[in-house]
Amino acid sequence: SAVISQKPSRDICQRGTSLTIQCQVDSQVTMMFWYRQQPGQSLTLIATANQGSEATYESGFVIDKFPISRPNLTFSTLTVSNMSPEDSSIYLCSVGWNRAYEQYFGPGTRLTVT
Amino acid sequence: RKEVEQDPGPFNVPEGATVAFNCTYSNSASQSFFWYRQDCRKEPKLLMSVYSSGNEDGRFTAQLNRASQYISLLIRDSKLSDSATYLCVVNLNTGNQFYFGTGTSLTVIP
Chain A
824 SAVISQKPSR
834 DICQRGTSLT
844 IQCQVDSQVT
854 MMFWYRQQPG
864 QSLTLIATAN
874 QGSEATYESG
884 FVIDKFPISR
894 PNLTFSTLTV
904 SNMSPEDSSI
914 YLCSVGWNRA
924 YEQYFGPGTR
934 LTVT
Chain B
-14 RKEVEQDPGP
-4 FNVPEGATVA
6 FNCTYSNSAS
16 QSFFWYRQDC
26 RKEPKLLMSV
36 YSSGNEDGRF
46 TAQLNRASQY
56 ISLLIRDSKL
66 SDSATYLCVV
76 NLNTGNQFYF
86 GTGTSLTVIP
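Each protein sequence line maps, in turn, to chains A and B.
Under our numbering, think of the first position of the first sequence as 824, with each following residue one higher.
Under our numbering, think of the first position of the second sequence as -14, with each following residue one higher.
Take these hints with a grain of salt, some might be off.
If you only want the chain B side, here are some residues facing chain A, beta carbon under 7 Å, derived [what the hints assert, rightly or not]:
1) Leu31
2) Ser34
3) Tyr36
4) Tyr55
Non-contacting residues of chain B with respect to chain A, defined by C-beta distances greater than 10 Å in every case (computed) [what the hints assert, rightly or not]:
5) Ala5
6) Phe6
7) Asn12
8) Ser17
9) Glu28
10) Gly39
11) Ala47
12) Leu72
13) Thr87
A few chain B residues that don't get close to chain A, going by computed Cβ distances all over 12 Å [said to hold, decoys possible]:
14) Val(-11)
15) Glu41
16) Asp62
17) Asn76
18) Gln82
19) Tyr84
20) Gly86
By construction, these hints were calculated from the structure, which means they are not laboratory data.
Idealized CB from N, CA, C, for every residue including glycine.
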C-alpha cells in the first residue's frame, strides 16, 4: 500500500471560484485517479491522471471544469473550476500499480460551495 | 442496467452474528473483484481482494461465482467495529474501468 495525503481536507468556497486539491503519495505509483462521492452515493470516477500528458476523462467530466495535473509519479492536482453548489462533494484521489490490482484512497477533500 | 448492484440494506445484526452480502455484476468480462469498507465520513479502505478460488481473512470470507456473476462477503462473529458501509468493486482490467457498487450498510448492535 501507500501513504496518501490530500490538501485541503475541507473547504467552503463561494460560487464562481475555483479550488485546487493536491494529492501526494509517499512512493512512486503507476496510476492515479480522481473520484467524486456525493452525499449518500457511491464513488464516481472523474478522470485518470496521466504523468506527463493530459488526463483521461470519464463521460460527463471535461477538462475545462476539472483540469488535472500530474507532473511526476507521486503528485497530482485536481482543480474544480467555476464552482456551483452542485459541485459540493467529497473528492478523493486514489493510486494503484496495475490496472488489475486494488486501489488505495486518500482521505478525501470535503468541498462545500455556497 | 448498472454495472455493479448491491443491496443497500441497512443490515442490523447483533454482535456475534454471521452476516452475508452479495453483489452482482453485469459484465462477464470482469476480471478483478474487491470488497472495500467505508466508515462514515472516511475514505474507502481495501478489505479484501476476491480470488476465483475464494479467500478468507480471519472472520471474513469472500467468494466469486463467475457463472452467476456475483461476489459475496461473509462476516462471522460480528463485532461492533464491523459497522460500516461495504462497497463491492469490479474491474474490467481494460482502460480505467473500476466500477463501484452503491454500498451495503451494516450496523452491529450490542
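A quick look at each hint next to the structure:
The criterion of a C-beta within 7 Å of any C-beta in chain A is met by B/Leu31, whose closest approach is roughly 5 Å, and the hint holds. For B/Ser34, the interface hint holds, the least distance from its beta-carbon to any beta-carbon of chain A being 6 Å, beneath 7 Å. A distance limit of 7 Å between C-beta atoms decides the matter here; for B/Tyr36 the minimum to chain A is near 12 Å, and the interface restraint is violated. Taken as an interface hint, B/Tyr55 does not check out: its beta carbon lies about 17 Å from the nearest beta carbon of chain A, beyond 7 Å.
Here B/Ala5 stays apart from chain A, with its beta-carbon at least about 20 Å from theirs, past the 10 Å limit. Interface exclusion of B/Phe6 from chain A stands, the closest Cβ pair being 14 Å apart, more than 10 Å. At the 10 Å boundary, the C-beta of B/Asn12 stays outside the reach of chain A, the nearest C-beta of that chain being 15 Å off. Listed as outside the interface, B/Ser17 is inconsistent with that label: its C-beta sits roughly 5 Å from the nearest C-beta of chain A, within the 10 Å cut-off.
Not every C-beta of chain A lies more than 10 Å from that of B/Glu28, the closest at about 4 Å, which undercuts listing it as non-interface. With a least beta-carbon separation of about 17 Å from chain A, B/Gly39 lies farther than 10 Å from that chain, consistent with its non-interface assignment. Even its closest Cβ contact with chain A, about 13 Å, leaves B/Ala47 beyond 10 Å, as expected for a residue assigned away from the interface. A beta-carbon of chain A comes within 10 Å of the beta-carbon of B/Leu72; the shortest separation is about 7 Å.
A beta-carbon of chain A comes within 10 Å of the beta-carbon of B/Thr87; the shortest separation is about 4 Å. Not every CB of chain A lies more than 12 Å from the CB of B/Val(-11), the least distance being 9 Å, so the non-interface label is violated. Distance to chain A confirms B/Glu41 as a non-interface residue, since its nearest Cβ pair spans about 17 Å, more than 12 Å. With 12 Å as the threshold on Cβ separation, the claim that B/Asp62 sits away from chain A holds: the shortest Cβ distance comes to roughly 25 Å.
Look at B/Asn76: its CB is around 7 Å from the nearest CB on chain A, not clear of 12 Å, so calling it non-interface is violated. Separation of B/Gln82 from chain A is inadequate, the least Cβ-Cβ distance of about 9 Å not exceeding the 12 Å criterion. Interface exclusion of B/Tyr84 from chain A breaks down, the closest Cβ pair being 9 Å apart, not more than 12 Å. Residue-level check failed: B/Gly86 sits 6 Å from the nearest beta carbon of chain A, not beyond 12 Å.
This entry does not satisfy hints 3, 4, 8, 9, 12, 13, 14, 17, 18, 19, 20, going by the numbered hints stated previously.
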